[in-house]
Amino acid sequence: MAERSEEVKLLGMWASPFSRRVEIALTLKGVPYEFSEQDITNKSPLLLQSNPVHKMIPVLLHNGKPISESLVILEYIDDTWKNNPILPQDPYDRAIARFWARFVDEQVYVTAMKVVGKVGVERDAAVEATRDLLKLMEKELVGKDFLGGESLGFVDIVATLVAFWLMRTEEVVGVKVVPVEMFPEIHRWVKNLLDVDVIKKCIPPEDEHLDYIRARMESLKLKSV
Amino acid sequence: MADEVILLDYWPSMFGMRTRVALEEKNIKFDYREQDLFNKSPILLEMNPVHKKIPVLIHNGKPVCESLIQVEYIDETWPGGNSFLPSDPYQRAQAKFWGDFIDKKVYGPTRLIWGAKGEEQEAGTKEFIEMLKMLESELGDKTYFGGETFGYVDIAMIGFYCWFDVLEKCGNFSIEAECPKLIAWAKRCMKRESVAKSLPDSDKITKFVPELKKKIGIE
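Protein chains in written order, with this note's numbering: chain V, 1 to 225; chain H, 226 to 444.
FYI, nobody ran anything at the bench for these hints, they're computed from the structure.
Nothing here was measured: the structure is a model prediction, and the numbers come from that model.
Note that beta-carbon positions come from the ideal geometry of N, C-alpha and C, so glycine has one too.
Any given hint could be a false lead.
To be verified - As a list, the in silico SDA-like pairs of lysine to any residue whose alpha-carbon atoms are at most 25 Å apart:
| # | chain 1 | residue 1 | chain 2 | residue 2 |
| --- | --- | --- | --- | --- |
| 1 | H | K278 | V | A125 |
| 2 | H | K277 | H | G442 |
| 3 | H | K278 | H | G372 |
| 4 | H | K330 | V | K135 |
| 5 | H | K265 | V | R102 |
| 6 | H | K358 | V | K114 |
| 7 | V | K65 | H | K277 |
| 8 | H | K440 | H | K254 |
| 9 | H | K287 | V | I40 |
| 10 | V | K114 | H | K278 |
| 11 | V | K135 | H | K287 |
| 12 | H | K254 | H | W236 |
| 13 | V | K55 | H | P304 |
To be verified - Listed below are several chain V residues computed to face chain H (Cβ distance under 10 Å; list not exhaustive):
| # | residue |
| --- | --- |
| 14 | F35 |
| 15 | D39 |
| 16 | V119 |
| 17 | G120 |
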């Protein structure tokens, strides 16, 4: 197959799990790309023009054509660069992978955000609710090295949100949302993830990330008062 | 070997309608099983333990949940006939983007229109019209969202059409006045057998909403 001259640009944000998951996918497939850090408090004309509907990152620009919404972008990357497939081949397995990806983004993420953003009783409730959701993920990991099975797949890439965002907030929030006694499989899975070069390369550096989470937590608390 | 296809559904659900339309488009024989959402059946709870929601598509005993995931699954599993998604990756991504938009931005406001009152309802109406206008702009002068062929985005949106009458009555507005091209598109879709078979009459939905409000305990 002839090599095409590609221009791949990612409008993203260094601390965003949605932006980082796109970087994981591109890196896994060996796709060279230009990363453009966006200031979401002062959105660039390029961002507004590329994603006029949601005005959010990440946006992937492939030869100038924009694709928005991280799950849509991941599938686009998988459809376009066929090496190291992210989604399984079988239609049923693909449906299951898509289901769990949505579960992480629509259920786990939304609930976990309240752990960071609330205090007191409301936070306790959010912790409980998050744990209930994660118990389902825990079950999925029994007997598997990754959510995708033997190797890293679509759901693992999406669920890095849990491994490297939710679990990192524990240190800042001072609550063990995902204690190892309750979630041994998840902890094992995180270790497996950290053994994967692409993951190590693409997740935000821990110290800076913790500082960032701390700062965001303060600003969210101020907003909810 | 014959396929066994079961659909656990609820007749007024615009999400269930997506799956019905997709199955009909591909001429797949299926066993439609009406669910009582106020008294959930063992099969529903077993097949969708995570969300306990309809629609659930059960293919040879294996459940697929979430309506747009079901539409894609149907397209991938029964590839003959008309494809719901384009083969070009960029066009596929655009279609999925708009399907996601409908789920995230169009559905929410409809609940406020029929379920809320006063300022909340007004805000819902305003938001809904804004979102419909975005969709209409995406449709442009095309026959369907996918161009000449009826596809994924059309399937994602068409179920809302039978709810338009009740939404207009509750919100006191006219969708046709705001989005004439979208109404023209919907009428084109209604001419398809798959759609006509899968959507209930508008007046059934209109009669149903006050009953629904009573059931869920809102005035």
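Hinted contact V:D39 with chain H - closest CB pair below 10 Å: 24 Å, violated
Restraint status (C-alpha distance of V:K55 to H:P304 at most 25 Å): Judged against 25 Å, a Cα distance of about 35 Å means the pair is violated.
Holds or violated: H:K287 to V:I40, with C-alpha atoms at most 25 Å apart: 42 Å, violated
Hint consistency between H:K278 and H:G372 [alpha-carbon to alpha-carbon, up to 25 Å]: 32 Å, violated
25 Å Cα cutoff - pair H:K254, H:W236: Given that 25 Å is the threshold and the Cα spacing comes to 18 Å, the pair holds.
Satisfaction of hint between H:G442 and H:K277, Cα-Cα up to 25 Å: It holds: about 20 Å lies between the C-alpha atoms, which stays within 25 Å.
Status of the V:V119 interface restraint (C-beta, 10 Å, chain H): 27 Å, violated
Restraint status (C-alpha distance of V:K65 to H:K277 at most 25 Å): Violated, because 39 Å separates the two Cα atoms, which is more than 25 Å.
V:F35 as an interface hint toward chain H, with CB separation required under 10 Å: Violated. Min distance 20 Å.
Hint consistency between H:K265 and V:R102 [alpha-carbon to alpha-carbon, up to 25 Å]: Given pair H:K265, V:R102 holds - Cα atoms ~23 Å apart, limit 25 Å.
Proposed proximity, V:K114 with H:K358 (alpha carbon, max 25 Å): 32 Å, violated
Pairwise hint evaluation, V:K135 against H:K330, where the allowed Cα distance is 25 Å at most: 29 Å, violated
Hints 3, 4, 6, 7, 8, 9, 13, 14, 15, 16, 17 from the earlier list are contradicted by this structure; the remaining hints agree with it.
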